[in-house]
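Asks: These protein sequence lines are chains A and B, in that order. If you count the first sequence from 1, position 87 lands on 87 in our numbering, and the numbers rise without skipping. If you count the second sequence from 1, position 98 lands on 98 in our numbering, and the numbers rise without skipping.
It is possible that part of the hints are untrue.
Straight line, CA to CA, 25 Å or less: simulated SDA-like cross-link-like pairs of lysine to any residue [unchecked claim]:
no. : chain 1 : residue 1 : chain 2 : residue 2
1   : B       : Lys21     : A       : Glu253
2   : B       : Lys247    : B       : Trp231
3   : B       : Lys21     : A       : Arg257
4   : A       : Lys227    : A       : Thr115
Keep in mind that the hints were calculated from the coordinates and are not lab data.
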Amino acid sequence: MSGLTPTNGDFDLPSAMRAALAAYSGGPGSGKGTTSDLSMDEELNLHSIGWEPVEFVSGLSVYSTPPMTWTWGQGEISAASYSHQQAFSTAMARLHREAAAAGAHGVVGVEVERTIHASHTEISLMGTAVRPVGSAPIDAERVFTSDLSARDFTLLMVAGWEPLGLAAGASFVFAPRRSMGAVLSQQTQNVELTNFTEAMYSARETAMERMQSAALAMHGTGVVEVKVFEGPMYFASHAVGFTAWGTVVRLREDEHRRVSPTMVVSVDDDDVLFRAETLG
Amino acid sequence: MANEKSDLPEATGHRLEELEKGLFTSDLSVNEFLLVKEAGFHPVGFVMGSSIYHIGIQTRKWGQSQELTKLTEAMYNARELAMTRMEEEAAELGADGVVGVRLDVNYYEWGSDAAEFIAVGTAVKAEDGVSRLNALGKPFTSDLSGQDFWTLNQTGYAPQGLVMGTCVYHIAHRGLGATLGSAGKNVELPNFTQALYEARELAMTRMQDEANRLGASGIVGVRLEEKSHQWGSHTIEFLALGTAVDKTGAPLTLTRPTTIISLDN
Chain A
1 MSGLTPTNGD
11 FDLPSAMRAA
21 LAAYSGGPGS
31 GKGTTSDLSM
41 DEELNLHSIG
51 WEPVEFVSGL
61 SVYSTPPMTW
71 TWGQGEISAA
81 SYSHQQAFST
91 AMARLHREAA
101 AAGAHGVVGV
111 EVERTIHASH
121 TEISLMGTAV
131 RPVGSAPIDA
141 ERVFTSDLSA
151 RDFTLLMVAG
161 WEPLGLAAGA
171 SFVFAPRRSM
181 GAVLSQQTQN
191 VELTNFTEAM
201 YSARETAMER
211 MQSAALAMHG
221 TGVVEVKVFE
231 GPMYFASHAV
241 GFTAWGTVVR
251 LREDEHRRVS
261 PTMVVSVDDD
271 DVLFRAETLG
Chain B
1 MANEKSDLPE
11 ATGHRLEELE
21 KGLFTSDLSV
31 NEFLLVKEAG
41 FHPVGFVMGS
51 SIYHIGIQTR
61 KWGQSQELTK
71 LTEAMYNARE
81 LAMTRMEEEA
91 AELGADGVVG
101 VRLDVNYYEW
111 GSDAAEFIAV
121 GTAVKAEDGV
131 SRLNALGKPF
141 TSDLSGQDFW
151 TLNQTGYAPQ
161 GLVMGTCVYH
171 IAHRGLGATL
181 GSAGKNVELP
191 NFTQALYEAR
201 ELAMTRMQDE
211 ANRLGASGIV
221 GVRLEEKSHQ
231 WGSHTIEFLA
241 LGTAVDKTGA
251 PLTLTRPTTI
261 ISLDN
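Please build the complete structure, drawing on both the sequences and the hints.
Replies: Spelled out as structure tokens, the structure:
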């Protein structure tokens with residue numbers, strides 16, 4: 001999107017830029033100055049579909065996890081999964097409220113920062129609140145959130161889709177244990193550890209399923225850019241966490257609009273094919 | 001979508017059922033999503049397969065270069081298990097293929113002698129309803145990104161399967177005499193060169209064999225990865241990965257690329 005063909009006449013750069021600059025200086029439709037972490041490119045992209053940034057908003061929630069949650073056990077650590085889910089939805093609600101108060105219809109480019117400690121889960125969401133140029137404020141419940149960049153948001157809208165929200169799912173489990181006998185007898189063998197596979201599989205599935213249920217609750221027809229994170233907890237290596245989140249989308253119009261991409265050859269310099277370095 | 005013989009853990013059942021209701025999930029970026037649509041496919045779900053595998057032990061001779069067949073077998077088996085499970089999930093969703101496949105190996109602290117092999121990707125289905133299953137009657141798999149998938153599609157080729165070849169090889173240590181003899185000299189170390197050559201060739205040949213089995217006419221996007229995992233510096237896994245492709249239709253009109261000067265920095 002940001003690569004402009006020098007001869008491209010149908011993209012009215014000056015007027016879009018004027019609009020963007022006007023928004024910065026508190027011009028028509030904004031009432032006051034805007035704050036956003038968008039780049040100039042993204043700002044122009046937004047304006048090309050008739051949207052504008054309103055304010056940089058955030059939502060934060062720290063939710064406690066009961067003590068002893070992480071001591072050795074079996075199966076899912078439901079208390080941890082619960083506090084993750086609570087922290088996420090509370091942070092989201094705050095983000096929505098802040099965005100709605102600023103008169104926005106949605107938040108794009110949301111950055112999800114998360115820290116999971118033994119005693120609490122902290123979720124912080126930050127992004128740029130946006131709205132169709134000059135539109136009236138709406139209820140906090142109707143504000144959408146998306147971790148897609150402003151550029152991706154534009155592309156999605158151009159193709160006839162709209163983001164509905166950020167769906168997340170988490171599941172924490174204890175790693176299963178192997179009996180000493182099994183460890184010894186399998187020492188030299190090539191063998192699948194089926195109970196481990198099942199435990200990890202089901203945890204991952206549970207996290208994904210929670211994300212899907214959240215997406216269905218938003219009446220979405222798809223989730224794009226799903227990110228799956230997994231790994232042991234730094235404070236409890238016998239516990240493994242699985243989290244997944246992504247932007248829920250739905251067709252806004254009757255049908256998908258084709259974007260008909262053009263093939264381009266970039267003449268940027270970043271592909272250096274040969275670089276002589278000092279031989280050490 | 002009933003799949004008689006599936007070894008998927010039970011937990012997958014419910015997630016896949018939900019996906020059959022019309023919701024799709026995908027780790028494709030918006031760009032990739034739109035390009036996959038452009039190529040005439042619709043994503044149906046994020047699919048994955050995983051296997052936690054205990055890798056056996058094989059003794060190596062200090063001064064001898066050789067393939068460690070038992071370890072090769074383990075790496076093959078474990079990846080096959082993960083890939084097959086991913087394909088099963090895709091088949092269950094009625095998909096024609098899986099794009100953007102990534103193969104990963106994870107090690108957990110609580111099982112240092114075991115590794116988790118994971119395959120993830122986005123299952124896609126052709127919008128025109130024509131089956132795109134490969135020669136083996138399975139959904140095709142491919143590690144091509146959405147962008148590459150669309151471009152490949154424009155040339156009239158279609159991916160048939162993600163093919164791989166692996167070889168775990170032990171490279172001989174050099175004797176003290178040889179080390180001293182070549183000290184201060186510019187010389188090729190033929191035993192090292194040869195060992196690396198042979199291991200790579202074995203991996204590549206195995207990958208090509210897999211492609212032949214799919215009746216493919218070529219392999220694109222081949223990557224050769226060399227990893228020591230947890231075996232020490234002289235034991236290396238050579239993994240060759242690529243997408244086997246076959247010509248399925250006339251090339252669509254490939255327009256001449258436009259030259260752009262990007263304003264990004």
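Asks: With reference to the structure, classify each hint as holding or not holding.
Replies: Against the structure, the hints:
no. : hint                  : in the structure
1   : Lys21(B) x Glu253(A)  : holds, 20 Å
2   : Lys247(B) x Trp231(B) : violated, 41 Å
3   : Lys21(B) x Arg257(A)  : holds, 23 Å
4   : Lys227(A) x Thr115(A) : holds, 16 Å
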